[in-house]
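Dock chain B against the given chain A, drawing on the hints supplied.
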Amino acid sequence: MSVPATGVSSAATRSGVEVRLEGLSRHYGDVKALDGLDLTLHQGELVVLLGPSGCGKTTTLRLLAGLEDADTGRVMVGGQDVTGLPASKRDMGMVFQAYSLFPHMTVKDNVAFGLKLRHKPRAERDKRAMDMLELVGLTTQAGRYAHQLSGGQQQRVALARALAIQPQVLLLDEPLSALDAKVRAQLRDEIRRIQLEVGTTTLFVTHDQEEALAIADRVGVMRDGRIEQLGSPVDVYTRPETPFVAEFVGLSNRLAGEATGSGTVVVRGATLPLVDADMPAGPVVAQVRPEAVTVTSGGSTEAGPLTGTVIAITFLGATSRVTVDLGDTTVMAAMATAEATSLAAGERVTLTIRPNPVLVSAESAAASAG
Amino acid sequence: MASVDAGGAVAPAIPSELAGAGTAKTRRGLHGRRRRRLNVFRYIAFAVFGVFFVLPLLALLRMSLEPAAGAGGWSLAAWKQIVSYTVVGTPSLISRVIVTLELGVITAAAMLVLLVPTMIWIKLKVPWISRTVEFLCLLPLTIPAIVLVVGLVPVYNWIQQRNVSTFMLFWVYVVLVLPYAYRALAAGLNSVDVKTLSEAARGLGASWFTVMFRIIAPNMRQGILNASLLSFSLVLGEFPIAYLLLYVNLQVEMYSISRNTPNASVLFSTSFAVLVFTFLLLLILSYVGRPRRGRR
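Protein chains in written order, with this note's numbering: chain A, 1 to 370; chain B, 371 to 666.
Only chain A is shown next, with the shape it has when bound in the complex (with noise of 0.2 Å):
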């Protein structure tokens, strides 16, 4: 598995342990949940596990937490095997998906928790306490009990809870799935600057591939129980190595194209380089993302391999994302919503594909060739 060196610079320079995975395996039954995976984390380095469910990724994490056993492998924290350990000594912050404060207690008592049982004196938990409600912003809210509280700062208070008995490690399971779109995306940003500021070397699972690329220093695409690319978001967004990278991460056009054998691939008259220069001569399918197509109207409108008809405009916000019928496929284009409101259903428009390295895949070729 090639390990791209971005990211790792930046977090070298934080504290916080690094943490290794090694040939960690997990059947469920017949199932396999993980197969012999392999994950470094470095010192003070978020790393997110990205998938879809059923991938994986919170089996992973919940491993690397003690709260399931692996089948084979082992976990490395800080140079120490704590494989064996059970979830209480493994000295971890967690905040799950589901909001798990404590009901019966408050937020400072909540946040206190994990102190109180490693009995520090009272002074010391309320003192590290507020400090930690004050970092998630909560203060006002320390007397407060969990049904009082949003679930977002539910989710901020289990930050604080997690982070008070400084764990060697910050583990966060879909934290953010149960809130809507625009306090997800608040305590998103939140949950990085909090984790740069206190330099915790940090896993994230989610399988919303935008929280993914906005939050992660590095980012592991899984599927069927193994990392298929792991590497900084530019690098998984922009060159993708499978096929399966592509389509998860971001949206991509599936067009037939003919590889030149020497680095590129001609799809639609359209010439473009290619992720994977070794590709051998012959048919394949290319994975064009929409961002790379451009859409202009008012020209020729004869007939040729990137001529067609727009069929649907969806306004996104600021793009809108404009679907052009072909004749034998669609296309879908990324734009300005300034420039797709010029646009019109029906209207006779002309494709430009941008030069982007693409991926392109063999295999499916005479498939969809067929």
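By construction, these hints were calculated from the structure, which means they are not laboratory data.
Hints may be right or wrong, so weigh each one.
[Stated by the list, open to error] Going by beta-carbon spacing under 10 Å, a handful of chain B positions derived as facing chain A: (1) 450; (2) 559; (3) 560; (4) 563; (5) 572; (6) 574; (7) 588.
Computed from a predicted structure; not experimentally measured.
Using N, Cα and C, we set each Cβ at its ideal position, and we do this for glycine too.
Relative to the frame of chain A, chain B by itself:
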């Protein structure tokens, strides 16, 4: 949550000639009439059952306030007798009242010690066994007291050779209250997200013991209270097993008083006091049982 407001949600789907105020009004009218009819039914049912339950109680109260059964007039003598009444050859009435109350407390406590950790543990660690345990806990409900006693006699022979205290009844009473206590505790436990809370606590460094007693149990206090009060009330009213195993609890004592002096006024006053006490307990149960304001 999606609004279930019929007017708002349904109106757009109704063809225009039917739509609007007319339909809504008709529906509201129908609804109102049905609700009124339901209310009338409720009041009648409430009144009938009220009379059915309250009348005997009032009669009991009235008889407990007579100087002698059927004598008419008013007197507090029967109530004063509760503390002093004794039948020759049996323990004093008041001692039986106290023993039975204590037995109720012991039974409730023993039930909690037995059931609360077990049920939390099953939920946390061995959920597949929960059906079996539920079945076992409900079993005493289906076995008649007399059958239970036949099975228990050898056990109690053995117990009575070592300890003759009436408190020893709590062994069988714990079994007897299992069905009710189990149900109450299960309801309390189901209202707690045991998995997430325990994992959160484990992550913070809590031992399993801490998880059970400082995290899960405090959050099922409603179920714990219900189970305790139900167990306690059940013990207050238990007669057949105590009688057949030759113990003298409150109900057995009252039975022997009535055999000696069929119309002893003290029977009425004691019965009334026990009934009212149990009612109060159940009333507490149903009031404390309500969710606190703003909770969840």
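Item to check | Per-residue hint verdict: residue 450 (chain B), partner chain A, C-beta under 10 Å | outcome: Because about 45 Å separates residue 450 (chain B) from the closest Cβ in chain A, which is outside the 10 Å limit, the hint is violated.
Checklist entry - Is the shortest C-beta separation between residue 572 (chain B) and chain A less than 10 Å? => result holds (4 Å)
Item to check | Interface restraint verdict for residue 574 (chain B) against chain A (beta-carbon cut-off 10 Å) | outcome: holds (4 Å)
Next on the checklist: Does residue 588 (chain B) hold up as a contact with chain A if the rule is Cβ-Cβ below 10 Å?
Outcome noted: holds (4 Å)
Checklist entry - When the nearest CB of chain A is found for residue 560 (chain B), is that gap smaller than 10 Å? => result violated (14 Å)
Checklist entry - Taking 10 Å as the limit, does the beta-carbon of residue 563 (chain B) come near enough to a beta-carbon in chain A? => result OK, holds: residue 563 (chain B) within 10 Å of chain A, min 6 Å.
Checklist entry - Hey, does the residue 559 (chain B) contact hint survive, CB to chain A under 10 Å? => result At about 13 Å, which exceeds the 10 Å cut-off, the nearest Cβ of chain A leaves the hint on residue 559 (chain B) violated.
Going through the hint list in order, the structure does not satisfy hints 1, 2, 3.
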